[in-house]
Amino acid sequence: MKIAVLVKQVPGPESALPINDHGTWVDEESVTFVMNPPDNFALEEALLIKEGKGDGEVVVVSMGPDRVQKVIREGLAKGADRGIHIEEVGPIEKDPLHIAKRFTAVLKDENFDLVLTGLQSDDTGMGQTGVLIGEMLGISTATLAVETDIKDGHIRLKRELESGWFQWVEFPLPASISIQSGLNTPRYPSLKGIMGAKKKEIKTVSCTELDISSNCQSVDKVFVPQTSKHSEVIDGEVDAAVERIVEILKSEIKVI
Amino acid sequence: MDVLVILEESQGSLHRLSREAIAGAQKLGSSVAALAIGENADTLASELSSYDLEEVFTAKHELLSSYSADGYFETVIQLIRAESPALVVAGHTYQTRDFMPRVSAKLDIPFIPDIVSLSDEGFVKQVLNAKLNASLSSASDQIILSFQSAAFNDEEIRGGSCSARAFDVELDSSQVRSVSEEPFQEATGDVDLESAEVLVSVGRGIEKEENVPIAFELAKAIGAEVCASRPVVDSGWIDSFRQVGSSGHNVAPKLYFSLGVSGAIQHVVGMKGSKNILAINKDADAPIFELADYAVVGNVLEIIPKLIEALNNK
Ligand SMILES: Cc1cc2nc3c(=O)[nH]c(=O)nc-3n(C[C@H](O)[C@H](O)[C@H](O)COP(=O)(O)OP(=O)(O)OC[C@H]3O[C@@H](n4cnc5c(N)ncnc54)[C@H](O)[C@@H]3O)c2cc1C
Ligand SMILES: Nc1ncnc2c1ncn2[C@@H]1O[C@H](COP(=O)(O)O)[C@@H](O)[C@H]1O
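Same order as they appear, the protein sequences are chains A and B. Sequential numbering of the first sequence, starting at 1, is according to this note's numbering. Sequential numbering of the second sequence, starting at 257, is according to this note's numbering.
A few of these clues could be false.
Distance condition first, Cα-Cα at most 27 Å in a straight line; then the derived BS3-like pairs of lysine-lysine [unchecked claim]: (1) Lys-362/B with Lys-108/A; (2) Lys-362/B with Lys-250/A; (3) Lys-283/B with Lys-528/B; (4) Lys-250/A with Lys-531/B; (5) Lys-229/A with Lys-510/B; (6) Lys-108/A with Lys-200/A; (7) Lys-94/A with Lys-50/A; (8) Lys-283/B with Lys-229/A.
To list a few chain A residues with every Cβ distance to chain B over 10 Å, as calculated [as the list claims (entries may be wrong)]: (9) Gly-54; (10) Pro-65; (11) Arg-82; (12) Glu-88; (13) Ala-105; (14) Asp-109; (15) Asn-111; (16) Val-131; (17) Lys-151; (18) Gln-167; (19) Val-169; (20) Pro-189; (21) Lys-200; (22) Thr-204; (23) Lys-221; (24) Phe-223.
Partial chain B-side listing against chain A, Cβ under 8 Å, derived [stated by the list, open to error]: (25) Thr-349; (26) Pro-357; (27) Ile-368; (28) Leu-384; (29) Gln-441; (30) Gly-445; (31) Val-553; (32) Leu-557; (33) Leu-563.
The hints are simulated quantities; they were obtained by calculation from the structure and are not laboratory data. Only a predicted model underlies this, so the values are computations on that prediction, with no experimental measurement involved. Glycine included, each C-beta is placed from N, C-alpha and C at the ideal position.
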């Protein structure tokens, strides 16, 4: 089993998100980055599949500026075998078709049995990159996987549907599958893993080698959502807040 | 036709988001057609008969009797090639996420997903976990769009008439690579969130599994059930049958009392019908406060123990 896992580096949940001077995205200088949470589950699933089979290779692939080498290293420390960094200079690409074409150009000669992605990136939230890549590679695709079961040349997958429904589907490998969060418990890297990761290979490929022209979409402007609702804001001292909440529960909503 | 709406079935009838997509399509184009796929295509088409639509295509084939990404993808690209709509629109559903990107890749048409509204500059979607909005655009001749729940109001669909026309899709079994089993629901536990009057909702702001019991204590003090956001369930801190949101329950209690829930759209779709929303969050800009009747800016770990104490002393 040869598995590629696409891990993206995105602003963390606690990060400041100041808008840049052009109003086109956040000012990356002030951002603290983490591994996109669903990708962490995808990585764990890849490692579990490899360990279950007893052999194979897990390759962590990330696209972005030099900073993304950190999430690649994190993947290697958890047990991935090698990394590929698709280097970007200047503003990060946000158009999913462009992103997928770059990944496809890098992945196509590697003949992966499985390409795993997270179901959605926390920053742009396009929710499509893995499926685009699957179609571009001409392989099976599926989304929102919550359980995987690899058979001979096939994969059986439990997919999440809406409102608490699920469905099993089966299709031939190779395949590109997007992973829903929660299907496993991502491991932490061990000290040995962290030391070992330093010796593992990260190949850097430059985007400029890939000549891509296509129809695209662009993120033109970002802005703070407008509040339309008039909430009562309670932001004082803890004791005063508690007193006010009791009063609301008792006299306004009347639940106690 | 300049706009094509891809319809979706939900338990034998039209998905609510397909209806909203029709309302959106009518705002975006002058001549709108729709596509219904599968065994029930005629039933779906008949639900549209009093809408102002150019026509509804019905695509039926033995390989389309149940949903598959391969079958739906093939059908949609064949119709797009035949009719060349400028816009292809759909609800932002799990099914759309599953096959629509393939259409985008195959035909090299950009897919702008998860749109919450239209603005003068373009299509607005949430980014960075709903903390910011972004406006997106494309200069492409053809664009695919998907609309988040409530982006458009289905009560605003323009009435008129619409006739059905069969669309002959060409499919052979080599194109449909996957085999799907029947959908099923998991064991639901013995809590009935849908009919609970009061809900205490636990978000990641509870910080640690060890803090979860304070939510249950609060619930006990005010006669509530406990529910949770997805990351809390994913971490195994609270049972999955208590999850609220697009992949969990849809609730509308008299009081929704949230503790450290950010208010991401996938959570909000499951609780925005609540009569009263009281939210505690330490971030004054948390999106949940846009919806809250009472916005308590503070640390749940400081406020809740004191609140429980105050309630128990009454
Ligand atoms: C296809 C899909 C389906 C999904 N389905 C669902 C679903 O059904 N239900 C669901 O909930 N989510 C769902 N999600 C996930 C959703 O996008 C959000 O990631 C999730 O709702 C966030 O949960 P949260 O608010 O608990 O956590 P976070 O977004 O991490 O927010 C935590 C909040 O707590 C606040 N906080 C932190 N510490 C404290 C403290 N001590 N006191 C007070 N406040 C504090 C923070 O300011 C923050 O606002 C889905 C996502 C996708 C892509
Ligand atoms: N720049 C990137 N680097 C690595 N992985 C990415 C990148 N962009 C997208 N992905 C992968 O594609 C998934 C879906 O992203 P998106 O389509 O942007 O929501 C993510 O969860 C990642 O697994």
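So, going through the hints one by one against the coordinates:
About 16 Å separates the Cα atoms of Lys-362/B and Lys-108/A, which keeps this hinted pair within 27 Å; it holds. As the CA atoms of Lys-362/B and Lys-250/A are separated by approximately 59 Å, the hinted pair breaks the 27 Å bound. Annotation: proposed proximity of Lys-283/B to Lys-528/B holds, straight-line Cα distance about 25 Å (limit 27 Å). Distance check on the hinted pair: Lys-250/A and Lys-531/B sit about 16 Å apart at the alpha-carbon level, within 27 Å; holds.
Restraint check for Lys-229/A and Lys-510/B: the C-alpha separation of about 18 Å stays at or below 27 Å, so the hint holds. With a C-alpha separation of about 22 Å, the suggested pairing of Lys-108/A with Lys-200/A holds against the 27 Å cut-off. Restraint check: the Cα-Cα separation between Lys-94/A and Lys-50/A comes to about 31 Å, which exceeds 27 Å; the hinted pair is violated. For the suggested pair Lys-283/B and Lys-229/A, the alpha carbons sit about 25 Å apart, so the restraint of at most 27 Å is met.
For Gly-54/A, the shortest C-beta to C-beta distance to chain B comes to about 27 Å, beyond the 10 Å cut-off, and the non-interface label holds. At the 10 Å boundary, the C-beta of Pro-65/A stays outside the reach of chain B, the nearest C-beta of that chain being 18 Å off. Every beta carbon of chain B lies more than 10 Å from that of Arg-82/A, the smallest distance being close to 27 Å; the non-interface claim holds. Every CB of chain B lies more than 10 Å from the CB of Glu-88/A, the least distance being 18 Å, so the non-interface label holds.
No beta-carbon of chain B is positioned within 10 Å of the beta-carbon of Ala-105/A; the least distance is around 14 Å. Chain B leaves Asp-109/A outside its interface by the beta-carbon criterion, the shortest separation being 19 Å against a cut-off of 10 Å. Interface exclusion of Asn-111/A from chain B stands, the closest Cβ pair being 18 Å apart, more than 10 Å. For Val-131/A, the requirement that its beta carbon stay farther than 10 Å from each beta carbon of chain B is not met, with the minimum near 4 Å.
Here Lys-151/A stays apart from chain B, with its beta-carbon at least about 12 Å from theirs, past the 10 Å limit. A beta-carbon of chain B is positioned within 10 Å of the beta-carbon of Gln-167/A; the least distance is around 5 Å. The non-interface label for Val-169/A is inconsistent with chain B: the shortest C-beta to C-beta separation is roughly 5 Å, within 10 Å. Even its closest Cβ contact with chain B, about 19 Å, leaves Pro-189/A beyond 10 Å, as expected for a residue assigned away from the interface.
Distance check on Lys-200/A: its Cβ is at least 28 Å (rounded) from any Cβ of chain B, clearing the 10 Å threshold; non-interface status holds. Remark: the non-interface label on Thr-204/A is consistent with the geometry, its nearest Cβ contact in chain B lying 26 Å away (cut-off 10 Å). Annotated as non-interface, Lys-221/A brings its C-beta within 10 Å of a C-beta of chain B; the closest such distance is 5 Å. With a least CB separation of 6 Å from chain B, Phe-223/A falls inside the 10 Å interface cut-off, contrary to its annotation.
Look at Thr-349/B: its Cβ gets to within about 7 Å of chain A, closer than 8 Å, so that hint holds up. Of the supplied interface hints, the one on Pro-357/B holds, with its beta-carbon coming within about 4 Å of a beta-carbon of chain A, less than 8 Å. Nearest Cβ of chain A to the Cβ of Ile-368/B: about 5 Å, under the 8 Å cut. The hint holds. At a threshold of 8 Å, the smallest CB-CB gap from Leu-384/B to chain A is about 6 Å, leaving the interface hint in force.
For the restraint placing Gln-441/B at the interface with chain A, the shortest Cβ-Cβ distance is roughly 6 Å, inside the 8 Å limit, so the hint holds. Interface restraint check: Gly-445/B against chain A, minimum CB-CB distance 11 Å, threshold 8 Å, status violated. Interface restraint check for Val-553/B: the shortest CB-CB distance to chain A comes to about 4 Å, inside 8 Å, so the restraint holds. Below 8 Å, beta-carbon pairs count as interface contacts, and Leu-557/B has none with chain A, the closest being about 10 Å; its hint is therefore violated.
For Leu-563/B, the suggested interface contact is upheld, since its CB lies about 5 Å from the closest CB of chain A, less than 8 Å.
The structure fails to meet hints 2, 7, 16, 18, 19, 23, 24, 30 and 32 from the earlier list, while all remaining hints are met.
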